[in-house]
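If you read the sequences in order, they're chains D and E. Under this note's numbering, think of the first position of the first sequence as 1, with each following residue one higher. Under this note's numbering, think of the first position of the second sequence as 1001, with each following residue one higher.
Simulated from the structure, these hints should not be mistaken for laboratory data. One or more hints might be untrue.
Straight-line distance between alpha carbons at most 27 Å, and here's what the computed DSS-like set of lysine-lysine pairs gives [unchecked claim]: (1) K1088(E) x K1162(E); (2) K243(D) x K1154(E); (3) K243(D) x K1088(E); (4) K67(D) x K1154(E); (5) K388(D) x K1154(E); (6) K1159(E) x K387(D); (7) K589(D) x K1088(E); (8) K577(D) x K1118(E); (9) K1170(E) x K243(D).
Beyond 10 Å from chain E on every Cβ pair, some chain D residues (computed) [stated by the list, open to error]: (10) R40; (11) L240; (12) S291; (13) I292; (14) R296; (15) L419; (16) S551.
Across the chosen pairs, the derived CB separations fall in these ranges [claimed, not checked]: (17) D1149(E) x P186(D): 29 to 37 Å; (18) D136(D) x D1149(E): 43 to 51 Å; (19) R517(D) x R1058(E): 52 to 60 Å; (20) D1149(E) x R460(D): 50 to 58 Å; (21) I247(D) x A1022(E): 22 to 30 Å; (22) D408(D) x K1088(E): 32 to 40 Å; (23) Y1051(E) x P604(D): 48 to 56 Å; (24) T1082(E) x I247(D): 44 to 52 Å.
Note that the coordinates shown come from a computational prediction; the quantities given were computed from them, not determined experimentally. Beta carbons are placed, not taken as given, at the ideal position from N, Cα and C, and that holds for glycine.
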Amino acid sequence: MIRAHCLICAGAGCISSGAHALKEALTAELKQRGLDNEIRIVETGCMGPCDLGPVMLVHPEGTFYQKVTALDVPKLVEEHFIKGRPYQPLLPKEAPTGAVVNTQRDFTFFAKQQKIVLENCGLIDPENIHEYIARDGYAALGKVLTSMKPEEVIAEIKASGLRGRGGAGFPTGVKWELTAKNPVKPHYVICNADEGDPGAFMNRAVLEGDPHKIIEGMAIGGYAMGANNGYIYIRAEYPLAVKRLQIAIQQAYELGLLGKNLFETGFDFDLELRIGAGAFVCGEETALMRSIEGRRGQPQPRPPFPAQRGLWGKPTNINNVETWATVPIIIRNGASWYGQFGTARTKGTKVFALAGKIRNTGLAEVPFGTTLRELIFDIGGGIPNGKKFKAVQTGGPSGGVIPAQYLDTPIEYETLQALGSIMGSGGMVVVDEDTCMVDFARFFLEFCCDESCGKCPPCRVGTRQLLNILERICSGEAELEDLDRLEELALMVKDASLCGLGQTAPNPVLTTLKYFRDEYLAHIVEKRCPARVCRDLLQFTIIEEKCVGCSVCARVCPVETIFKVGGQKKYYIVQDKCIHCGACLEACKFQAINKTSEGEGFIPPPRPAVLELPPGRKPTAVVTS
Amino acid sequence: MMELQTIRSVVTSHPSGDARFASLDDTIAHYKAEPTALIQVLHAAQQLFGYLSPDVLRYIAGKLKLPLAQVYGVVTFYHLFTLVPRGKYQIMVCRGTACHVRGAQLILERLSQQLGIKEGETTKDNLFSLHSARCIGACAMAPAIAIGDDVYGKLTPDKVPKFCQKDLKKYT
């Protein structure tokens, strides 16, 4: 008789912090105490709060444990399963108040969420189809095949107001209809699981935590659009997701939920995996189709849209992972049920990946209309280490930054667009006062420049030139005219590029220019990086009063530019050779190294009359100069 | 014409008799030698051989009846394919946004220092190659690195020496 279930999160985050070791230790401990017949261990998909990993949820109470290591297991079993009370040291605490949280539903991180797409993530074993079926899995597929006409399915999706979760927000039902009505046969459906935006991992969680939902959604879409073949295009960087999808597809075939004559209705649906090979541009739908065809993933001009001429020239419908995963839920509960979530313009919920300088990094699903502040501060727990929020980057390299004054903006496709950013697939990277916005823009440009497929010159050449200008600004070599050049070129690349990659690549530049122009000016005019990030604009000095003369800094300095002050137990950095790497700052245990960016007004501390070689260093030419 | 036919029939198995080609043949057969399966076949080949040599590319081109130039074009387009041998294990330092703002650059520099190789190079014992990845999707654990299926998160520059001495020892 099973009296309790231990759900151990086996998402990528928790695995990397030791979920497997935890499972082994718990299995052994339960066995040793003779509890293995009463308590069942289940490996689930991502529960969301990755920062707290490895996490474990114990049912029926719903007790939520964080940062559980193998060493904690004996005590935890003793307290929770023998004595019957929660094991206090592993219960999470609310970020601002420090109040101990007993159960998952009391934890603000979960309580403020509305889990629809993620309803099964963290609850079921993703490698067991029966657990999915027990959660009404494949019931929606059965419902459409046995009691709905394809047009009725499309009407239902249209009525739900579902919009593409890949970023553009095109109404899904309308897109389906375009493919369905195309007389050319055969039709194809594709799932875009090439989640390439750096800083985004929502799709990964669904793929790894609830793969059957995607399969079911695609089969429903196949029926609605008259397609008997589907492809899931998944990036090779997600090996665990690939493995779980392979298992899921195989299990679905074994139970007759894929293949021939589904639910004995005569409808056939075959599904295949196609694994990408590391090209960001393949997230663009026309490039993705070329990649499935085994070719270089270069985009095509649209029109023709995939619904007109897609995979192998046939009508094709491409949706994102999250869109497909929402479909079975809408069918199961009805369009009007789904319509109660979200806003008038945008129905439903969206999964966001919280990363960067935020306390509760991880996944959160909220209804549209939730404000950025609620998401970042209430669910995300705000900024760690007492730092100040500076901006949030939404939509990855195609998106833009949103500064603090817009934190109360409700999240919708249109509202984010009005601020110069985009919704994108749902990545949110939070940055604090220690992030340099110029360097941040440079980072994204470097990404897009490297990932440009090279087909159209505005993107291939334009992103390179934008990057050159940004690099000059970061190294303090730019002039004021460069700002105008930057802006002009950014707008040109945006207008003239062939596909979404180039059209959106300048967004990070344009939004940082709009909201953080003062930082650009500080770099250009004062040769100063206010966030103290851009290396060429930094200075490192030793605070004499704090230096105890331990010599660690001199030993780690890769260019040997730190010397002992003659006759004293103090050290001194000779500025000319310093490469500003920061190795001394990290190594110093006494906070005696000062990192500043004072620009041209920088005056180094007076140079001691005599400089000696630190112990163990061979003489070089520098000391005599 | 006759001559061409004979050449094609010879290309059914690799003359070296290397068992790995037989394994590659299985993958090709699984995809019914469809030219559209090129990327999937290349994945399998790189898994088997560690890299894609001219010989392997020619073999695949012959089997899938594709021009060698097209195969080469695809290989050079995608980041994950390599034409030169790499170490047995690839250390992928994630340089996605979340990792970038949490100091991925310093991790890469420190790893490079510890292993004595630059990005893109391989250690002398051919065990490790050092690369940077665009985003491995472990953003919540930033900064993170991946070795095969293993992900190591929340690194700091001063954890790197210990990581090299302890965790890397697992890989032999």
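Here is how each hint holds up against the structure:
Taking the CA atoms of K1088(E) and K1162(E), the gap is near 21 Å; set against the 27 Å cutoff, the hint holds. The hinted pair formed by K243(D) and K1154(E) meets the criterion: a straight-line CA distance of about 25 Å does not exceed 27 Å. For the proposed pair K243(D) and K1088(E), the alpha carbon gap of about 21 Å is at most 27 Å, so the pair holds. As the CA atoms of K67(D) and K1154(E) are separated by approximately 13 Å, the hinted pair is consistent with the 27 Å bound.
With a C-alpha separation of about 21 Å, the suggested pairing of K388(D) with K1154(E) holds against the 27 Å cut-off. For the hint pairing K1159(E) with K387(D), the CA-to-CA distance comes to about 23 Å; that is within 27 Å, so the pair holds. Using a Cα cut-off of 27 Å, the hinted pair K589(D) and K1088(E) is violated, with the two alpha carbons roughly 37 Å apart. Proposed proximity of K577(D) and K1118(E) is supported: the alpha carbons are some 22 Å apart, at most 27 Å.
Between K1170(E) and K243(D) the CA atoms are separated by roughly 23 Å; this keeps the pair inside 27 Å, and the hint holds. Distance to chain E confirms R40(D) as a non-interface residue, since its nearest Cβ pair spans about 26 Å, more than 10 Å. The beta carbon of L240(D) sits about 7 Å from the closest Cβ of chain E, which is not more than 10 Å, so the claim that it is off the interface is violated. Distance to chain E contradicts S291(D) as a non-interface residue, since its nearest Cβ pair spans about 7 Å, not more than 10 Å.
Distance check for I292(D) against chain E: the nearest CB is about 7 Å away, which does not clear 10 Å, and the non-interface claim fails. In this structure R296(D) is not separated from chain E by more than 10 Å, as the shortest Cβ-Cβ distance comes to only about 4 Å. The claim that L419(D) lies off the interface holds: its Cβ sits roughly 18 Å from the closest Cβ of chain E, which is beyond the 10 Å cut-off. No Cβ of chain E comes within 10 Å of the Cβ of S551(D); the nearest lies about 17 Å off, and the non-interface call holds.
For the pair D1149(E) and P186(D), the supplied restraint of 29 to 37 Å holds, since their beta-carbon distance comes to about 36 Å. The supplied range of 43 to 51 Å is broken by D136(D) and D1149(E), whose beta-carbon atoms lie about 32 Å from each other. At about 55 Å, the CB distance of R517(D) to R1058(E) agrees with the hint of 52 to 60 Å. Taking 50 to 58 Å as the suggested C-beta distance range, the pair D1149(E) and R460(D) does not conform, at roughly 34 Å.
For I247(D) paired with A1022(E), a C-beta distance near 26 Å keeps the hint of 22 to 30 Å intact. For the hinted restraint 32 to 40 Å between D408(D) and K1088(E), the CB-CB distance of approximately 52 Å leaves it violated. Remark: the range hint 48 to 56 Å for Y1051(E) to P604(D) is upheld by a beta-carbon distance near 50 Å. Roughly 28 Å separates the CB atoms of T1082(E) and I247(D), a value that falls outside the hinted 44 to 52 Å.
Of the hints listed earlier, those the structure fails to meet are numbers 7, 11, 12, 13, 14, 18, 20, 22 and 24, in rising order.
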